[in-house]
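Going line by line, the protein sequences match chains A and B. Counted the way our numbering counts, the first sequence spans residues 39 to 527. Counted the way our numbering counts, the second sequence spans residues 462 to 939.
Calculated from the structure, these hints are not laboratory results. Since the model is a prediction, treat every value here as computed from it, not as a measurement. For each residue, glycine too, the CB sits at the ideal point set by N, CA and C. Wrong hints could be hidden among the right ones.
Taking lysine to any residue and the SDA-like style, the derived pairs with C-alpha atoms no more than 25 Å apart in a straight line are [unchecked claim]:
1. K150(A) - L742(B)
2. K397(A) - P738(B)
3. K534(B) - T424(A)
4. K590(B) - K397(A)
5. K534(B) - H501(A)
6. K601(B) - E505(A)
7. K590(B) - P143(A)
8. K479(B) - A58(A)
9. K301(A) - R277(A)
10. K757(B) - G705(B)
11. K590(B) - H501(A)
12. K671(B) - A717(B)
13. K590(B) - I381(A)
14. K540(B) - H501(A)
15. K386(A) - K757(B)
16. K636(B) - G705(B)
17. K590(B) - G326(A)
18. K150(A) - D792(B)
Quick partial rundown of chain B residues pointing at chain A, CB under 8 Å, derived from the structure [said to hold, decoys possible]:
19. G504
20. F543
21. G550
22. P744
23. E748
The primary structure of each chain is shown beneath.
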Amino acid sequence: MQLYDLTIHELGDLLRQKKASSREITESVFRRIRAVEPRIRSYVTLTEELALQQAKRADEKIAKDVGAIHELPLRGIPIGIKDNFLTEGIKTTCSSKILHNYIPPYNGTAVKRLIDEGAVVVGKLNMDEFAMGSSNENSAIGVVRNPWDLERIPGGSSGGSAAAVAAGECIAATGTDTGGSIRLPAALTNLVGVKPTYGRVSRYGIVAFASSLDQVGPIAKDVTDAAILLKALAGHDPRDSTSLNVPVPDYTKTLVPDIKGWKIGIPKEYFIEGLDIEVKKAIDAAIGTVKRLGAECVEVTLPHTDYGVPTYYILATAEASSNLARYDGIRYGHRNRSVRELIPLYEKSRSDGFGAEVKRRIMLGTYVLSAGYYDAYYLRGQKARTLIRRDFEKAFERCDVILTPVSPTPAWKIGEKIDDPLKMYLSDIFTINVNLAGLPGMSLPCGFTEGGLPIGMQLIAKHFEEEKMLRVAYAYEQATEWHKRRPKL
Amino acid sequence: MEYETVIGLEVHAQLLTKTKLFCACPTEFGRKPNVSTCPVCLGLPGTLPVLNRQAVEFAIRAGLATDCKIAEKSVFARKNYFYPDLPKGYQISQYELPICLKGHLDIEADGVKKRIGLTRIHMEEDAGKLVHEHPETRAKDASWVDFNRGGTPLLEIVSEPEMRGPQEAVAYLKKLRAILVYTEICDGNMEEGSLRCDANVSLRPIGQEKFGTKVELKNMNSFKNVEKAILYEIDRQTAVLEDGGKIIQETRLWDADRGETQSMRGKEEAHDYRYFPDPDLLPLVVEGAWIERVRKELPELPDAKKERFMAQYRLPAYDAEVLASSRGLADFFEVCAAEFAQPKKVANWVMNEFLRMIKNDERLIPASRLKPKHLAEALRMVEEGTLSGSAAKNVLQKVFDTGETPKAIVEKEGLAQISDEGSIEKAVEDVIAANPKEVERYKAGNDKLLGFFVGQIMKNTGGRANPAKVNELLKKKL
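Sequences are here, hints too, so could you generate the full structure?
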């Protein structure tokens, strides 16, 4: 085992016992990056110099107060940051040509919290452009490869985050999840990914895609690491009016491997035609494990499940069309300098700067908000969203946590779905409704295909009940070994 | 055919908050370009708006002062369009659910009282400013943007189309301005753009109920220009209709230099702003207790004050109206009237002398060195006969210029009125002795020459002789 292979809490033990320093851990990670990055392409920007400075500072602080590692478990731990998190003085591109040269003057709240806790910033992670995509193929920087099979996609949009953690190019990473962008790549790379309740983590300093759906969360190697990172990220932020002022529990303290008597809901609508047989087998097996742990599995129904994808692609694109209007070539980012007049400058700069999928969504969103169409699309979408949320409220009257698949299939081949947007959109079919309902959801490893591709399962809880979901995940993880597997690179 | 004019006004009032609507940047102006900015009001990636509570309170105040209903729940919406002064590509405004609804204002035009309905008041952020000439190098080869103004809070106050002529429009605007300034929501300066007025003007044949096609007039930065622009537009539209033409729905800019309105390109109308609720802001919920507190703290408003001035001080309606039109002026009057209990005289001096000194600009009242107590002191001296009315005007001007008290100025400059008979008698005798011809003509029946003698005496005494005494003694001596 190399240092880069370990988890946050394992490295915390080594740091505390003075068996390793943050500098050694950081150097191990960068050696690993040099070895595998040409094959994976997880990163847009590496910040090695900054990372080594932060590691040095962390080591000094640890030397002064070893006990503080319990309070600050991220101190000295190399973390990767998705490239839609604003980082002061560090290029933030969103994997888009339109922001290829953009250096923000401030740190977003999530990044500030991580840095304040002593985390070491390894660099900025590749993603689908503006977080729009399920495969990480929509990146102006380049396609990210799945460490479990370099011919396959890592999932998206936080594909760089997942690939980097899976490949040992950072110990854990941040992601954002608008329709499954944390959970899907986590599932396809054998990792734990948490999308918290909407309002749990500040969105200040995250490049907005769909403001009413975007949420920040961790991608990590196991449930404990995810809980550690979530605790650091979560909490009210006066700079984000949609962040809720509710207390943040210590998620690591809720990790008790006991779910006896808990009720786990299994929604029948999620076991549909098109669900890969191997995925179904793995989920069935996971249900069996959960039962053996003493939980009761009950069938629940989420009747409006089918409306999720169309509803999402109306509401998310509507918000995106407005959120992305600021990238106009006037103040920052890419400007086409061949024209002098205003309208051509807008048209050319945006035509050059945005990729095909982003353009498709801007057009779709512009259309659904247009006069004469607003009622038929946007308003109806909002109504459908309410129905989907009510489905979950009803289902939670009968259970504590809901268990479903994350992705209908394991990681697919690069290029396989890229020419068929609808097929691509359907890969988020099990994750999207969680965002529409604003609920917390997470993905965790639950098996492998015969070909050795990871399979993930999803747990969903009530608003602000991340603890319950994490506890079920922890109990399952303690009873299984999937999370310990690492890809061979 | 005879036409009836239909006018509705949309007024934008810049709020006197210390900071912008969605960030903590200061709202003060006249600073170097782009210094009052931050990532939020520059619309940088990742930034989010946080609503300014003071701005909401001002909106509630404006609503209560115009008898609006305050919405328990209102919603901010995005108005999407591209322009270089709009950094996010959308303006945060209110659309379907504004904070204030259904109010009214009482106006008086040409002696006729009328109630004008307010459709709504909503909050929105201002845009930045485009500059087509570089502020330092004067280069004109490009345009620049100054975002200091970007994100400052505005109220948009929309009237019903219930005004029937330019006089009513101006009366409405003056009343609205007085209320906004009274309630300390807005400084009301139209020249500098902190109060902006757009007018929707249409014509319809008298007796017809259906509205004609409306034209939106912009760029009128004074009451006079609002009146002129509407008058021009009525003539223009009348001419078009008389010729059998059709009015085109469009926006026209008032050109004050040329005295005409000019069509802006019709692009404005083609705009689809794609309004939708801003997902970055929660619905604004205003609790009843908040509304009640603001209601209690509302100052006495112009209409109520005018009524009270007429009742309490027995002022004529005109005086009460002028004084009550400005809170500062009304306060000045009241403090002075408390010290010098002849309200009508105080009103005259305030309206004639004081208003002239401050050039009719009420914003200069707080800084004025002439205070109500000074005016009261001068008026007492006039009353006692130790200062003539004309000398008092000079004295007050000097108080206004220097800040010294009237007594000090009178003493220093020897301006006290001469009332003792001996001195005046001597002055009268001197003038009679110096002008024998005029004395003869006067005695021959030319009564008008009395004024000439008075003038000579006043001249010789530096205007200090008591005019009543001079008259009396002159007649006797002649």
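Structure-based check of each hint:
no. : hint              : verdict
1   : K150(A) - L742(B) : 22 Å, holds
2   : K397(A) - P738(B) : 22 Å, holds
3   : K534(B) - T424(A) : 19 Å, holds
4   : K590(B) - K397(A) : 29 Å, violated
5   : K534(B) - H501(A) : 24 Å, holds
6   : K601(B) - E505(A) : 61 Å, violated
7   : K590(B) - P143(A) : 23 Å, holds
8   : K479(B) - A58(A)  : 53 Å, violated
9   : K301(A) - R277(A) : 37 Å, violated
10  : K757(B) - G705(B) : 55 Å, violated
11  : K590(B) - H501(A) : 43 Å, violated
12  : K671(B) - A717(B) : 31 Å, violated
13  : K590(B) - I381(A) : 18 Å, holds
14  : K540(B) - H501(A) : 31 Å, violated
15  : K386(A) - K757(B) : 56 Å, violated
16  : K636(B) - G705(B) : 37 Å, violated
17  : K590(B) - G326(A) : 65 Å, violated
18  : K150(A) - D792(B) : 52 Å, violated
19  : G504              : 5 Å, holds
20  : F543              : 6 Å, holds
21  : G550              : 2 Å, holds
22  : P744              : 11 Å, violated
23  : E748              : 17 Å, violated
Violation of the numbered hints given earlier is confined to hints 4, 6, 8, 9, 10, 11, 12, 14, 15, 16, 17, 18, 22 and 23; the remaining hints are satisfied by the structure.
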